[in-house]
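Kindly produce the complete structure, drawing on both the sequences and the hints.
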Amino acid sequence: MIETLKALAEPNRFQIVELLRRGPRAVGDLVDELGMNQPQVSKHLKVLSAVGLVSARVDAQRRIYALQPAPLKEMEQWIEKYRRVWEKNYQRLDGLLEEMKSKEKKHGRRKR
Amino acid sequence: MDAGSAKGSPQKKTGSVQISLREDREIVMMREFNAPKRMVFDALTKPELVKKWLLGRDGWSMPVCEIDLRVGGKYRYVWRRDSDGKEMGMGGVYREIVKNERIVSTELFDDAWYPGEALLTTTFAESGGKTTMSTVILYESRGARDGVMKSDMERGVGLSYDRLEKLVAQN
Chain A
1 MIETLKALAE
11 PNRFQIVELL
21 RRGPRAVGDL
31 VDELGMNQPQ
41 VSKHLKVLSA
51 VGLVSARVDA
61 QRRIYALQPA
71 PLKEMEQWIE
81 KYRRVWEKNY
91 QRLDGLLEEM
101 KSKEKKHGRR
111 KR
Chain B
1001 MDAGSAKGSP
1011 QKKTGSVQIS
1021 LREDREIVMM
1031 REFNAPKRMV
1041 FDALTKPELV
1051 KKWLLGRDGW
1061 SMPVCEIDLR
1071 VGGKYRYVWR
1081 RDSDGKEMGM
1091 GGVYREIVKN
1101 ERIVSTELFD
1111 DAWYPGEALL
1121 TTTFAESGGK
1131 TTMSTVILYE
1141 SRGARDGVMK
1151 SDMERGVGLS
1161 YDRLEKLVAQ
1171 N
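Line by line, the protein sequences give chains A and B.
The numbering of the first sequence is the working numbering, which starts it at 1 and goes up by one.
The numbering of the second sequence is the working numbering, which starts it at 1001 and goes up by one.
Hint data in this document are derived by calculation from the structure and do not stem from the laboratory.
If you're wondering where the values come from, they're calculated on a predicted model, not measured in any experiment.
All C-beta atoms, glycine included, are put in the ideal place defined by N, C-alpha and C.
Hints may be right or wrong, so weigh each one.
Said to hold, decoys possible - SDA-like cross-link-like pairs, simulated, lysine to any residue; straight-line CA separation at most 20 angstroms: (1) A/K88 with B/G1073; (2) B/K1051 with B/G1073; (3) A/K101 with B/L1049; (4) B/K1130 with A/K43; (5) B/K1052 with B/R1025; (6) A/K88 with B/V1078; (7) A/K81 with B/L1054; (8) A/K6 with B/C1065; (9) A/K43 with A/I64; (10) B/K1086 with B/G1073; (11) A/K105 with B/D1042.
Claimed, not checked - If you want a taste of the chain B side facing chain A, the calculated C-beta under 10 angstroms gives, among others: (12) S1020; (13) I1027; (14) F1033; (15) W1053; (16) R1102; (17) V1104; (18) L1108; (19) T1131; (20) S1134; (21) V1136; (22) L1138.
Said to hold, decoys possible - A short list of chain B residues far from chain A (calculated; beta carbon distances all over 10 angstroms): (23) R1076; (24) D1082; (25) E1096; (26) I1097; (27) D1146.
If you want it as structure tokens, here you go:
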């Protein structure tokens, strides 16, 4: 996953991924849309395919690139796990706060 | 008056923590609590209260919770897994304290698997008797944050197995 994050941290590559979210594209289309030259775009695509974020298929003379969801899902899964642990903490905190509120109602607010 | 839904996205509701990665060194968590901010602040800064909720996964307790709540003061937490006695500790120093409003502290785990300390900024915003607590964890480097993510991934395989299966089925 660190490789995925590293690959995405580069702004131009992030932009390529954003473009591919709308659908598969040929290298030439990406060149036009990004305003970069072809070698630059190809270099970024190479990095993105190395981490499995994009894949290519050949259609006639053109290479069509498409987004691969697995690495993004892996990231989402990590966030979900982190979220679950914290939600567990916070649910216990919800309970504690309810206790604190009812105690205060009964005994009044303590002066400090 | 529905003060709770006044902030954030329309789907946001009490009882669901929002987590996002910001810039390249931060993790941001937001959660709304149905209590005034002075109570939430107390629950985060009084050891006898912290021990009741900051336990992580089920089956862990918190035998050590020391808090010296002043700028430059230290805090120290130790958790213990009840099943086998395995312990995990962390601590840090308070850098800034504004009562009921804001806490800035450093954070370092005893067996830190990432380089450098993390800096935690916790803020409390109250509206209509409800408090939104936001925690920003700033790691010293992007590598450190990603390392935390990676290590959590590896340790959490069992826990998220069901979800993984679902993901595999979709592909």
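Exercise for the section: Using 10 angstroms as the Cβ threshold, decide whether B/F1033 counts as touching chain A. Expected result: Because about 6 angstroms separates B/F1033 from the closest Cβ in chain A, which is inside the 10 angstroms limit, the hint holds.
Exercise for the section: Would you mind confirming whether the straight-line C-alpha gap from A/K88 to B/V1078 stays at or under 20 angstroms? Expected result: Cα-Cα ~18 angstroms, so holds.
Handout entry: Residue hint B/V1136, partner chain A, criterion CB-CB below 10 angstroms
Key = violated (14 angstroms)
Exercise for the section: Below or equal to 20 angstroms on CA atoms is what counts here, so check A/K43 against A/I64. Expected result: Roughly 15 angstroms between the alpha carbons, so the hint for A/K43 and A/I64 holds.
Practice task
With a cut-off of 20 angstroms on the C-alpha distance, tell me whether B/K1051 and B/G1073 pass.
Solution key: holds (19 angstroms)
Handout entry: Restraint check for B/K1130 with A/K43, where alpha carbons must lie at most 20 angstroms apart
Key = violated (50 angstroms)
Exercise for the section: Under 10 angstroms, Cβ to Cβ, is where B/S1134 needs to be relative to chain A, so tell me if that hint holds or is violated. Expected result: violated (12 angstroms)
Handout entry: Interface restraint verdict for B/I1027 against chain A (beta-carbon cut-off 10 angstroms)
Key = Hint on B/I1027: holds, closest Cβ of chain A at ~8 angstroms, below 10 angstroms.
Problem - Least C-beta distance from B/R1076 to chain A larger than 10 angstroms - result: Fine: 18 angstroms to the nearest Cβ keeps B/R1076 off the interface.
Practice task
Classify the hint on B/L1108 as holds or violated, based on whether any CB of chain A lies nearer than 10 angstroms to its CB.
Solution key: Violated: closest Cβ of chain A sits about 19 angstroms from B/L1108, beyond 10 angstroms.
Handout entry: Hinted pair A/K101 and B/L1049, Cα distance within 20 angstroms
Key = Given pair A/K101, B/L1049 holds - Cα atoms ~13 angstroms apart, limit 20 angstroms.
Exercise for the section: Please work out if A/K81 and B/L1054 have their alpha carbons no farther apart than 20 angstroms. Expected result: holds (16 angstroms)
Checked against the numbered hints above, the structure breaks hints 1, 4, 5, 8, 10, 16, 17, 18, 20, 21, 22, 27 and satisfies the rest.
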